[in-house]
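Student: Chain by chain, the residues:
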Amino acid sequence: MRRGPLHRIALALAAAALASTVAPSAMAQEAGVSDTEITIGAIGALTGPIAFIGTPGRDGMTLAIDEINAKGGVCGRKLKLNFEHASTPAESLAAVKKLVEQDKVFALVLASGSTGAAAAADYVRQVGVPTYNLYGSTPIIREPFSKNVFHGAIVPVEVAAPGLIGLFYDDGHKPQKIGVLAGTYAFPQATLKAVEAHLKSKKIDYALEQFDQSARDFTSQLVSFGRQKVDSVLILGSFSEAGFAIKQARELGMANIRWVLDGSAVSRAIVPIIGNADGIRGYFNNPAFPGQNDTVREFEARLKKQLGSMPQGRPNNYDMIAYGSTYVIADAITGTGCQLTRDKFLASWSSLKNAGPKTMGGLDVSFPESFTETDHQGNYRLGAAVVKNGEWQVYRVIERP
Amino acid sequence: MIPLRVTGLTVSYGRVAAVRDLDLNIAAGEALALLGPNGAGKTSAVEAIAGLLPKRAGRVELFGEDISGLTASAIVRKGLALVPQWRELFPTFSVEETLVAATGAAQGRSPKPLEEIYALFPVLEERRGQLAGSLSGGEQQMLAIGRALVTNPRLLLLDEPSAGLAQGITRSLIQAIIRIRDSGVPILLVEQNMEIARAIGSRCTMLAAGSLAWEGTMDEAIARNEAARVYFGTH
Amino acid sequence: MAELALVLIAGAKFGAIYALAALGLVVVHKATKTVNFAHGAFAMLGAFSSYLVVVHWQWPYWMAYVLTPPLIGVVAALIEFLILRPLRRADMFTVVIATVFLGIALSEAFRLTYNTELLAVPGMFVGMPFVFHGVFMTQETLWVIAGALVICVACVLLFRYGRLGRGMRAMASNVRGAQLCGYSVDRVYMFAWFLGGAMAGLAGVFVAPVSGVSVELSIAIISAGFVAGVIGGFDSLKGAILGGLLLGVSESLAAAYVSSALKNCISFLLLFVVLMWRPEGLFPETVARRV
Numbered sequence: 001m002r003r004g005p006l007h008r009i010a011l012a013l014a015a016a017a018l019a020s021t022v023a024p025s026a027m028a029q030e031a032g033v034s035d036t037e038i039t040i041g042a043i044g045a046l047t048g049p050i051a052f053i054g055t056p057g058r059d060g061m062t063l064a065i066d067e068i069n070a071k072g073g074v075c076g077r078k079l080k081l082n083f084e085h086a087s088t089p090a091e092s093l094a095a096v097k098k099l100v101e102q103d104k105v106f107a108l109v110l111a112s113g114s115t116g117a118a119a120a121a122d123y124v125r126q127v128g129v130p131t132y133n134l135y136g137s138t139p140i141i142r143e144p145f146s147k148n149v150f151h152g153a154i155v156p157v158e159v160a161a162p163g164l165i166g167l168f169y170d171d172g173h174k175p176q177k178i179g180v181l182a183g184t185y186a187f188p189q190a191t192l193k194a195v196e197a198h199l200k201s202k203k204i205d206y207a208l209e210q211f212d213q214s215a216r217d218f219t220s221q222l223v224s225f226g227r228q229k230v231d232s233v234l235i236l237g238s239f240s241e242a243g244f245a246i247k248q249a250r251e252l253g254m255a256n257i258r259w260v261l262d263g264s265a266v267s268r269a270i271v272p273i274i275g276n277a278d279g280i281r282g283y284f285n286n287p288a289f290p291g292q293n294d295t296v297r298e299f300e301a302r303l304k305k306q307l308g309s310m311p312q313g314r315p316n317n318y319d320m321i322a323y324g325s326t327y328v329i330a331d332a333i334t335g336t337g338c339q340l341t342r343d344k345f346l347a348s349w350s351s352l353k354n355a356g357p358k359t360m361g362g363l364d365v366s367f368p369e370s371f372t373e374t375d376h377q378g379n380y381r382l383g384a385a386v387v388k389n390g391e392w393q394v395y396r397v398i399e400r401p
Numbered sequence: 001m002i003p004l005r006v007t008g009l010t011v012s013y014g015r016v017a018a019v020r021d022l023d024l025n026i027a028a029g030e031a032l033a034l035l036g037p038n039g040a041g042k043t044s045a046v047e048a049i050a051g052l053l054p055k056r057a058g059r060v061e062l063f064g065e066d067i068s069g070l071t072a073s074a075i076v077r078k079g080l081a082l083v084p085q086w087r088e089l090f091p092t093f094s095v096e097e098t099l100v101a102a103t104g105a106a107q108g109r110s111p112k113p114l115e116e117i118y119a120l121f122p123v124l125e126e127r128r129g130q131l132a133g134s135l136s137g138g139e140q141q142m143l144a145i146g147r148a149l150v151t152n153p154r155l156l157l158l159d160e161p162s163a164g165l166a167q168g169i170t171r172s173l174i175q176a177i178i179r180i181r182d183s184g185v186p187i188l189l190v191e192q193n194m195e196i197a198r199a200i201g202s203r204c205t206m207l208a209a210g211s212l213a214w215e216g217t218m219d220e221a222i223a224r225n226e227a228a229r230v231y232f233g234t235h
Numbered sequence: 001m002a003e004l005a006l007v008l009i010a011g012a013k014f015g016a017i018y019a020l021a022a023l024g025l026v027v028v029h030k031a032t033k034t035v036n037f038a039h040g041a042f043a044m045l046g047a048f049s050s051y052l053v054v055v056h057w058q059w060p061y062w063m064a065y066v067l068t069p070p071l072i073g074v075v076a077a078l079i080e081f082l083i084l085r086p087l088r089r090a091d092m093f094t095v096v097i098a099t100v101f102l103g104i105a106l107s108e109a110f111r112l113t114y115n116t117e118l119l120a121v122p123g124m125f126v127g128m129p130f131v132f133h134g135v136f137m138t139q140e141t142l143w144v145i146a147g148a149l150v151i152c153v154a155c156v157l158l159f160r161y162g163r164l165g166r167g168m169r170a171m172a173s174n175v176r177g178a179q180l181c182g183y184s185v186d187r188v189y190m191f192a193w194f195l196g197g198a199m200a201g202l203a204g205v206f207v208a209p210v211s212g213v214s215v216e217l218s219i220a221i222i223s224a225g226f227v228a229g230v231i232g233g234f235d236s237l238k239g240a241i242l243g244g245l246l247l248g249v250s251e252s253l254a255a256a257y258v259s260s261a262l263k264n265c266i267s268f269l270l271l272f273v274v275l276m277w278r279p280e281g282l283f284p285e286t287v288a289r290r291v
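Protein chains in written order, with UniProt numbering: chain P, 1 to 401; chain W, 1 to 235; chain F, 1 to 291.
Chain P extracted, bound-state conformation:
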């Protein structure tokens, strides 16, 4: 048979077809992906007043990545973490731009709390980089919905608020009057708004007092609560503020108060401030508090091995969330069927069900996360925690209301 023009065309077409199937991996590879590595960028404060968020963020992610890589990585590639320090809004935006434009990361993790997340929000929506908001509760990163932005363990304040109020009624307690003691800065105010909305809708009587950031004297607020016969107090603030408020309340003779703390104050570090902290409640963002069971004890041991020594107040919920979330990213990468394009990755992430460390043999220290095309909030659950014998423990899971 003579090899005519038709044959040649067919051959060219076949070659072209062959080339087109090979080309994507060899030529037009996705940003942050090489044959051996997938680069994940992250920002968070490693020094400064919010370093207690960013540093565990880095450490938890590093621990998870080391474990994943020790088992061969994902899609035959090792995960690589580029963590940039950033504490102010300007630093956060600059760090995010650097990660996206210079480092060309495959996915971006905001391990920075609300400040950094808010600063980066517009930019990440605009460039479409797959973004994981670990700790930011601010609506600026959450609304409007964006197909490339996902939220992890930290639940929206509308979910946290009813959960917090519910803690007043646990174990048959019936609050006569609830006092709300809230910081005047951004984070507690966001929660306060949701708490007040919930209290009003449930027609619960409450008294409101506020304090400035890093306040150490709560006498006037507590005296006011005493005057109004408050028997249950919700504190929206940091563990140090909550700790000194409770310590002072005892000094003022306010006994038998049910204390409920916002998740930001649920920390081991509150116990030494107060001394006997038993009975204080609050929510925790993970299913078990450090030290509570074998899984979290093993996690603590691994983290300690990685860090050399354990800093005071660690591991905290940020360590655990960062660790769990890194596995969620790994699950989302695996879910692409190793077709490592941005679109496949976003699609895979949006269809994750019960993702977390367990699927890859990690430690389940965080709640499993599920996403849909229209809901990028991975977790809606909270752990109801109480101090018993000087240790926090999660005693029930607060489900989505």
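These are computed hints drawn from the structure, not numbers from a lab. Take these hints with a grain of salt, some might be off.
[To be verified] Quick list of the computed label-pair ranges, beta carbon to beta carbon:
| id | chain 1 | residue 1 | chain 2 | residue 2 | range |
| --- | --- | --- | --- | --- | --- |
| 1 | W | 137 | F | 94 | 52 to 60 Å |
| 2 | P | 98 | F | 160 | 55 to 63 Å |
| 3 | W | 137 | F | 109 | 49 to 57 Å |
What you are looking at is a predicted structure, and each value in this text was computed from that prediction instead of being measured. In this text, a Cβ means the ideal position worked out from N, Cα and C, and glycines have one as well.
Using the hints provided, position chains W and F relative to the given structure of chain P.
Tutor: Just chains W and F now, kept in the frame of chain P:
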């Protein structure tokens, strides 16, 4: 060993020399008057000797010991006390407290008892509880001298003690200074008034434009009208 | 009435600490004419030293009170020697900026080595509080108020009647005159910084159980101490003590009876009112000279 030997003393403010290559000697029990017109460098010279001003060059020996490199406070403790021109008192200190404040400088020597100061200047005893800032000019000068005496000095530098004072007060001040001299403390007196200088000093050194212009006894200086020559360049 | 007493006691507790903080600041300023903006950082180091003694090494609590003041005093004197002595002939502004950044550097050094939000230190006394007609006063509160004020008074007496105190006052009044009385500038400055550092360290030990050890402590102490000092006239030790107490009590009263949100701004309000009414502070040290 002579109480004070100054050789080649040079003091300058920036590039302007206030004192140039000055030599001075004070013998035991002697009062030397340092004379000269305004701006001749007399105050710069004594303040440099006392360590309040840095020396560009030169050597200062107190009873044979080189004190050129010492700070003002160390020099006082060595026994060289200065009563500065502007008195440099502490306005919020009482008279007594001012005197007590200086007792620490009599290291190694015992401080002069306050009674001796009060014996020399009875008015200070009357005003012992009064604040230094509220004293009259003459009383302030007495306090400044008293404060220097408390350190039990081996050599006393007086920078124009009579400046701005009324005649009556000046006369009693001169009497007091003579008593100090007669008690055996050598004195270097900076003065503009020849009469006062002669009442206290036996010898004098005249400065003009920072340099030594004439040396000799006070009597000789007055007899030859040296002052006029030095001050006005006439002769 | 019980409520007012509670508010006043709380105000006095913070006021006593402010007084101690202001006193150290004023001592350094009086003797050396330098406003030491690193004073708050010294207090923070004092509180940290208290944490090390009480929590980390588990030594007896009194050792925190005994060891911290000389330790922080030496740190302050060393800083004077190494950083401020070379700047002695520099203008005031340079020196003040140097102390500002020194404070920031010390705070950040602490933050880097102890990367934690807060170190908690227990109180010296944990016994039952005293109760009198519904007014509660813990042993710790009593200790802070009484202890800090006793130390303040002791410091005033030392400054008033001690030889070194006299040297510092003489130096403050007239540097040349003080030198002619045998006081060495170097030694007096160094001692003033030592004393100021020791007072800051003590303030830190007193405040550690009340506020915990954090970088914010350094700012809280310097701002309260500075305001209290200015209210008192900045060169008067008595003024610093009364200024501190006034500030603490005003903060507490304003928060209780006006608005809890007013607490932080009351210090500046107070400062403003005092400076408008008596620009020289409540206890000016300058005496009119008779000419």
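Student: Could you say whether the range 55 to 63 Å given as a hint is met by the Cβ separation of residue 98 of chain P and residue 160 of chain F?
Tutor: holds (60 Å)
Student: So does residue 137 of chain W sit 49 to 57 Å from residue 109 of chain F, Cβ to Cβ?
Tutor: holds (54 Å)
Student: Please check whether residue 137 of chain W and residue 94 of chain F have a Cβ separation lying inside 52 to 60 Å.
Tutor: violated (37 Å)
Hint 1 from the earlier list is the only one contradicted by this structure; the remaining hints agree with it.
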